[in-house]
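K.L.:
Sequence:
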Amino acid sequence: MWTELLPSSSCPLVHGVHHGRLTSRTAADTMSPLSARPLLLLLVCLSLPLYAVEKFPSCVQGPAGGPGREGNPGTNGIPGTPGIPGRDGLKGEKGECVNEIFEEPWRPNYKQCAWSSLNYGIDLGKIADCTFTKLRSDSSLRVLFSGSLRLKCKNACCQRWYFTFNGAECTGPLPVESIIYLDQGSPELNSTINIHRTSSVEGLCDGVKAGLVDVAVWVGTCSDYPRGDASTGWNSVSRIIVEELPK
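Residue numbering for the sequence shown follows UniProt numbering, beginning at 1 and increasing consecutively.
Since the hints were derived computationally from the structure, they do not count as laboratory data.
Keep in mind the model is a prediction, meaning the values are calculated, not measured.
Keep in mind that the hints are not guaranteed to be accurate.
Claimed, not checked - Subject to a maximum C-alpha distance of 20 Å in a straight line, what follows is the list of computed SDA-like cross-link-like pairs (lysine to any residue):
| hint | residue 1 | residue 2 |
| --- | --- | --- |
| 1 | Lys-126 | Ser-116 |
| 2 | Lys-134 | Glu-93 |
| 3 | Lys-152 | Thr-221 |
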């Protein structure tokens, strides 16, 4: 290797060396200071390869080592500075005002008034009543009268049975009523026929205020028709049922 880097021409005195001896030189030349310089240069040139070998050794690369262990976690960095405050958003639309109403669950509320035998033979007036406690003003009242009804007359006649609430007929939406009409008879068919039938008067009424309510059944005439001989609750059970219902 060093032969190429330092050829023999780089050390000109090599040509003067032959088997370790100087050629064509006298002993006097060898001993002179000027003649000692080529000898020193020869020694320097001969020592350079040895120095280079020690300085730059030729090594074969070995196999790669195993992976090292994972290092310890590093310490937390310095906290960053606070960011710039955000801008205000766009103005929203105006909301609606809603009042929440929490109501109690609906509870059944009803009442029944019953009579074993009214046998009420009036043609005009109150027949029976039943007092009821209404809990809410926004509810409806369902009313029912069930009992025997009869109408008798020689000529055409009409009678009307209806409910009142605290003395007034229902106006929400209409009266609660039932009628019986009997046409004019004839002597051959016996116009004084007398039939008692169990019938009912039933309906819903709105607009009745909360509190005590006097629910009553009345009998009266039909408009533009003459009055007959009416009978209510003959020889049988009659009843009034009142029930409060949500609207």
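K.L.:
Give a verdict on every hint.
P.N.:
So, going through the hints one by one against the coordinates:
{"no.": "1", "hint": "Lys-126 x Ser-116", "verdict": "holds (18 Å)"}
{"no.": "2", "hint": "Lys-134 x Glu-93", "verdict": "violated (44 Å)"}
{"no.": "3", "hint": "Lys-152 x Thr-221", "verdict": "holds (13 Å)"}
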